[in-house]
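Novice: Following the hints, put chain B in place on chain A, whose structure we already have.
Residue numbers (my numbering), protein chains in the order written: chain A, 1 to 209; chain B, 1 to 209.
Among the hints, erroneous ones may be present.
Heads up, the list lumps identical chains together, so a pair's fine if it works in one copy or across two of them.
[To be verified] With a straight-line cut-off of 20 Å between C-alpha atoms, the simulated EDC-like cross-links for lysine to aspartate or glutamate are:
hint : residue 1 : residue 2
1    : 192       : 170
2    : 147       : 129
3    : 119       : 164
4    : 114       : 141
5    : 152       : 129
6    : 152       : 189
7    : 86        : 58
8    : 152       : 162
9    : 114       : 130
10   : 192       : 164
11   : 119       : 189
12   : 198       : 164
13   : 147       : 162
14   : 114       : 170
15   : 34        : 63
16   : 114       : 79
17   : 148       : 43
18   : 148       : 132
19   : 198       : 129
20   : 119       : 141
21   : 137       : 104
I should point out that these hints are in silico values taken from the structure, not numbers from a laboratory.
There are 2 protein chains.
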Amino acid sequence: MYTGTLFIISAPSGAGKSSLIRAYLQQKDHHPAKVSISHTTRDPRPGEQQGEHYYFVDHQQFESLISKQAFVEYANVFDHYYGTSKSEIEQSLAQGINVFLDIDWQGAEQVRAKMPLAKSIFILPPSLDELENRLIKRGQDNADVIKKRMLKAQAEISHYNEYDYVIINDDFASSISALNAIIATASLEQPKQAIIHKQLINQLLQINK
Amino acid sequence: MYTGTLFIISAPSGAGKSSLIRAYLQQKDHHPAKVSISHTTRDPRPGEQQGEHYYFVDHQQFESLISKQAFVEYANVFDHYYGTSKSEIEQSLAQGINVFLDIDWQGAEQVRAKMPLAKSIFILPPSLDELENRLIKRGQDNADVIKKRMLKAQAEISHYNEYDYVIINDDFASSISALNAIIATASLEQPKQAIIHKQLINQLLQINK
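Here chain A stands alone, though its shape is the one from the complex (with noise of 0.2 Å):
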């Protein structure tokens, strides 16, 4: 048991949920929190920092840590490999820091299955049509790369049953409101608060006072 918590956070693109994770380490006073650094076979694009944006690993290295059970979920998209280490994210949680993964529904469920402590956390546009809207302001799309994001949108929907919680992202404030809810709940859970207050607890059980 680690007194910090792994928080699994997916969404469709367009949900809010980079800005959300962002919105939520800006505030005064959080918790200890940090994103998980993937470790990743692409090569860096402009401004790309080894160690802040990801650590950049070759195909050889990257397999080599597969082999070595090192990841808690990895995938390989167009022929790069990207992959989340687990002993970063164990080192975080020991120290009592959160550790936040933002990942799809198929890195989730590997997550799940080797760290079943994590706490997941869906996030769903208010509506398809707000969900079609934000995908249209990013950027150049054209209406086909356009319709081909929203059937991938919904299919990452699909999986919204698999999580824990739910939050809407309808009222930005709201959203933040419920993501530190949920972080805050996590750290009061009985095993972690057993640990974090251990001599308390102690003091409070001594019968012969």
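Specialist: Below, chain B without anything else, positioned relative to chain A:
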């Protein structure tokens, strides 16, 4: 599955449980909630109203309710029965109203067996000295009575690890925040959200938009 949640709240006498529940309910915009009203065979005290503080019934009525399995928990204390009606709780939960059960660890054990989806919260005082101070401040009890109360409190505290959540009631505002977080989080659980937002989710999942 109900959209309301049953919260079992226990604490040793002096930990501040009643003040916390009262403060929670006095907040504006809290999720609809009520404290469960118990049945009892003891006589009303001055000012106590039927159906407001208790449902006052006679021994025969109470035992008839026991035989009908009408209670999620009951106890006999100094020859008076006290019990919590299952149907009253379930009616509220079905309407999406959260229900607070202010009971001890023995009641909590009975309720968990009958309503496994209940969330249980244990409130701890910040120290034995503080607990003693609060018991002394309360009233006119002599040293012997205080000592007995302290032993009873410690017996109750020894069951803290049977609860889902633990709140250390050191700073009152933090304790209220913690209670708010736990209650808000229960509403965000996927099966409840699936019921509350059924229409939205069906719309999001329609493939042929």
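Novice: Next, verify each hint and record whether it holds.
Specialist: Tested hints:
1. Taking the shortest Cα distances, residue 192 and residue 170 sit within 20 Å of each other only across copies (17 Å), while inside one copy they are farther apart (32 Å).
2. In this homomeric assembly, residue 147 and residue 129 come within 20 Å of each other (Cα to Cα) only inside a single copy, at 12 Å, whereas the closest approach across copies is 65 Å.
3. For the homomeric pair residue 119 and residue 164, the shortest alpha-carbon distances inside one copy (6 Å) and between copies (15 Å) are both at most 20 Å.
4. With identical chains, the CA atoms of residue 114 and residue 141 are never at most 20 Å apart, being 37 Å at best within one copy and 54 Å at best between copies.
5. Taking CA atoms no more than 20 Å apart as the test, residue 152 paired with residue 129 passes inside one copy only; the shortest distance there is 15 Å, against 59 Å between copies.
6. Neither within a single protomer nor between protomers do residue 152 and residue 189 lie at most 20 Å apart by alpha-carbon distance, with minima of 35 Å and 24 Å respectively.
7. For the identical chains of this complex, residue 86 and residue 58 are intra-copy neighbours only, at 18 Å inside a copy versus 61 Å across copies, given an alpha-carbon limit of 20 Å.
8. Proximity of residue 152 to residue 162 under the C-alpha cut-off of 20 Å is restricted to the intra-copy arrangement: shortest distance 17 Å within a copy versus 43 Å between copies.
9. Proximity of residue 114 to residue 130 under the C-alpha cut-off of 20 Å is found in neither arrangement, the shortest distances being 35 Å within a copy and 42 Å between copies.
10. In this assembly of identical chains, residue 192 and residue 164 lie within 20 Å of each other by CA distance both inside one copy and across copies; the values are 19 Å within and 10 Å between.
11. With identical chains, the CA atoms of residue 119 and residue 189 are at most 20 Å apart both within one copy (12 Å) and between copies (11 Å).
12. Taking the closest pair of Cα atoms, residue 198 and residue 164 come within 20 Å of each other only across two copies (16 Å); inside a single copy the shortest separation is 28 Å, beyond that limit.
13. In this assembly of identical chains, residue 147 and residue 162 lie within 20 Å of each other by CA distance neither inside one copy nor across copies; the values are 25 Å within and 51 Å between.
14. Within a single copy, residue 114 and residue 170 get their C-alpha atoms no closer than 32 Å, and across copies no closer than 36 Å, so neither meets the 20 Å cut-off.
15. Taking the closest pair of Cα atoms, residue 34 and residue 63 never come within 20 Å of each other, the shortest separation being 26 Å inside a single copy and 56 Å across copies.
16. In this assembly of identical chains, the alpha carbons of residue 114 and residue 79 never lie at most 20 Å apart, being 24 Å within a copy and 52 Å across copies at closest.
17. Taking identical chains as interchangeable, the C-alpha atoms of residue 148 and residue 43 are never at most 20 Å apart, the minima being 25 Å within one chain and 70 Å between chains.
18. In the homo-oligomer, the alpha carbons of residue 148 and residue 132 lie at most 20 Å apart inside one protomer (11 Å), although the nearest pairing across protomers, at 66 Å, exceeds that limit.
19. Taking CA atoms no more than 20 Å apart as the test, residue 198 paired with residue 129 passes between copies only; the shortest distance there is 17 Å, against 50 Å inside one copy.
20. For the identical chains of this complex, residue 119 and residue 141 are neighbours neither inside a copy (34 Å) nor across copies (46 Å), given an alpha-carbon limit of 20 Å.
21. Taking the closest pair of Cα atoms, residue 137 and residue 104 never come within 20 Å of each other, the shortest separation being 22 Å inside a single copy and 55 Å across copies.
The earlier numbered hints that this structure contradicts are 4, 6, 9, 13, 14, 15, 16, 17, 20 and 21.
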